[in-house]
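A.B. asks: Chains as they are written, first to last, in the numbering used here: chain A, 1 to 164; chain B, 1 to 191.
Source of the hints: derived by calculation from the structure; they are not laboratory data.
Every residue, glycine too, gets a C-beta built ideally from N, C-alpha and C.
Please note: incorrect hints may appear among the correct ones.
On the chain A side, residues computed to face chain B include the following (Cβ under 10 Å) [said to hold, decoys possible]:
(1) 18
(2) 94
(3) 135
(4) 150
As a list, the in silico PhoX-like pairs of lysine-lysine whose alpha-carbon atoms are at most 25 Å apart [what the hints assert, rightly or not]:
(5) B:83 / A:60
(6) B:83 / A:50
(7) B:83 / A:118
(8) B:169 / A:56
(9) B:169 / B:117
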Amino acid sequence: MGRYRKDEKKDVPEINTGSMSDIIFMFLFFFMVITNMREASLKVQFSPPKASEVQKLEKKSLVANIYIGAPIGKNENTLPPGKVSVQLNDQTIKAEDLVNDVKDFIGTERESRSEADKAKLTFSLKVDKDVQMRYVNTIKQELRNNNALKINYATLKRSEMSNQ
Amino acid sequence: MARKTPGINTGSMADISFLLLTFFLLTSSINTEQGIPRRLPPAKKDQDKEIVDINKRNVLNVVVNFNDAVWVNGEELLLSQLKDKALEFLENPNNAPNLPEKELIQINNMGEYAVSKGVISLTNDQSTSYNMYVQVQNELEKAVNELRDKVAINYFGKKFDNLDTSARKSIQKAIPMNISEAPPMDYSQTK
């Protein structure tokens, strides 16, 4: 066992904080690389269903999101007959504009991709788990009409154990 | 007159970068995009013709009704039973006459393989909850994945996920994911 001598006075050397910033910067870059920015603020409530057989999407830049869920604000546009909103980009869409808005959305998403990426563009349906299928069916039909066939049902990963 | 330039104080650098770090931590989300990928059928046209051609034994009718109950070929099943039912349908291990026919197809790396002609037809009601719909899709996906794993171990000695691309393509060809979605029913309209 070591013994401490009380009478010995040694100066404790100061910790050099110069490299601290480098370390933090490293953290910063790490987070910048692995994360993606939220590009649109959510106007609808969205808690995805859970599933076990999920696959990761290849590239985030090839994904366009369509949100469907109960509106958060009071003044959002809803689709009849229930209280459900569909959000494209930054805003919820009106029922009467649905066909045109979805078409425009698909068009602009395609335009912003390069020619090679257009075929790989995936439309991710981010649908709240309590939403009835009628809204999803409507959107799916519109996607089909505009020949946007690659879709994805956004889900959370559920482990097999908790499933049982 | 040479004066020493004072060194820049780097002590606050750490604070600044901390600030940036917290900013990125707050504004970003780590969870990656994941989900169940599907391909929608092209709109209209020749799709109607195909369905007529399919023999009755080659179709597994999965209906998710307005009560979120699952009916398969006219009998009600629990969600947990669906995977085994779909697996039996796709595999047809004993070549039963009421389960799908198979067709011998030449496949790279695997030689001739009896590919099932089975198609799972999925129908939902307009009032079905999205959660249930995803759970059903998930169970069907699970059945296909399980079968693919089984065949992959038989032919290549590895699970499907660990195969290289060409072997994966062969397996995908041997066990296709044939889910066709029928137009949704609407219970609230029939009342």
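A.B. asks: If a hint holds in the structure, say so; if it does not, say that too.
C.D. replies: So, going through the hints one by one against the coordinates:
1. Given the 10 Å rule on beta carbons, the hint for residue 18 (chain A) holds: about 6 Å separates it from the nearest Cβ of chain B.
2. Violation of the interface hint for residue 94 (chain A) is found here, the shortest Cβ-Cβ separation to chain B being roughly 20 Å, above the 10 Å cut-off.
3. A least Cβ separation of about 8 Å between residue 135 (chain A) and chain B falls short of the 10 Å threshold, and the interface hint therefore holds.
4. A least Cβ separation of about 6 Å between residue 150 (chain A) and chain B falls short of the 10 Å threshold, and the interface hint therefore holds.
5. Only pairs whose Cα atoms come within 25 Å are accepted, and residue 83 (chain B) paired with residue 60 (chain A) is rejected, the gap being roughly 31 Å.
6. Between residue 83 (chain B) and residue 50 (chain A), the direct Cα distance comes to roughly 17 Å. Compliance with the 25 Å bound is thereby established for this hinted pair.
7. Between residue 83 (chain B) and residue 118 (chain A) the CA atoms are separated by roughly 35 Å; this puts the pair beyond 25 Å, and the hint is violated.
8. For the given pair, residue 169 (chain B) sits about 18 Å from residue 56 (chain A) by alpha-carbon distance, which is consistent with the 25 Å threshold.
9. Using a Cα cut-off of 25 Å, the hinted pair residue 169 (chain B) and residue 117 (chain B) holds, with the two alpha carbons roughly 18 Å apart.
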